[in-house]
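Peer 1: Sequence:
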Amino acid sequence: MKKTGVIIHCSDSPQGRGDNAETIHRWHKQRGWDGIGYHYVILEDGTVENGRPLYWTGAHTRGKNEYIGICLIGQGKYTKEQMDSLRSLLTQLKETEIIYPYKVLGHYQVDPNKKCPMFDVKVFLVEWMDEEKREG
0 MKKTGVIIHC SDSPQGRGDN AETIHRWHKQ RGWDGIGYHY VILEDGTVEN GRPLYWTGAH
60 TRGKNEYIGI CLIGQGKYTK EQMDSLRSLL TQLKETEIIY PYKVLGHYQV DPNKKCPMFD
120 VKVFLVEWMD EEKREG
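Numbering (numbering that gives the first Met the number 0), first residue to last: 0 to 135.
Simulated from the structure, these hints should not be mistaken for lab results. Glycine included, each C-beta is placed from N, C-alpha and C at the ideal position. A hint or two may mislead.
With beta-carbon atoms standing in for the labels, derived distance ranges [what the hints assert, rightly or not]:
(1) Asp-129 to Asp-33: 19 to 29 Å
(2) Glu-65 to Val-122: 38 to 48 Å
(3) Asn-112 to Trp-32: 15 to 25 Å
For lysine to aspartate or glutamate, the following EDC-like pairs were computed, each having C-alpha atoms within a straight-line distance of at most 20 Å [claimed, not checked]:
(4) Lys-93 to Glu-131
(5) Lys-93 to Asp-129
(6) Lys-76 to Asp-119
(7) Lys-79 to Glu-131
(8) Lys-79 to Asp-129
(9) Lys-132 to Glu-65
(10) Lys-113 to Asp-44
(11) Lys-79 to Glu-134
(12) Lys-121 to Asp-110
(13) Lys-132 to Asp-110
(14) Lys-114 to Glu-134
(15) Lys-79 to Glu-43
(16) Lys-102 to Asp-83
(17) Lys-79 to Asp-110
(18) Lys-93 to Asp-33
(19) Lys-121 to Glu-131
(20) Lys-102 to Asp-129
Full structure from sequences and hints, please.
Peer 2: Below, the structure is given as structure tokens:
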């Protein structure tokens, strides 16, 4: 199933606590959801964990759940490993054409009541695209 794009989130949990996809799964179950709403979770060491399968509609952004949900563990201060993994995951999704048309947003861009992922996604994307041009 083609996805419309990607929405980047954060767990809004303290760094160093060891939160992961299973932690978020428990949080979401406690809210009465079917389970984790994100498709991917990026840990502080850069490990990318699978959440909800891509063939399932997400449960991460009201009105935009057809987007792939990626959650960074933390509260806005992410490790180099996390950001490297985010770039790699976005490149992989782009290359496999899972996302069409290719579009990446921060949660704050579709919900004005949200601040996550607590960095300027537009600036991140410009830097990522510049990096891809240099490497390509």
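Peer 1: If any of the earlier hints don't hold here, list their numbers in rising order.
Peer 2: The structure conflicts with hints 1, 2, 9, 10, 13, 14, 17, 18, although it agrees with all the remaining ones.
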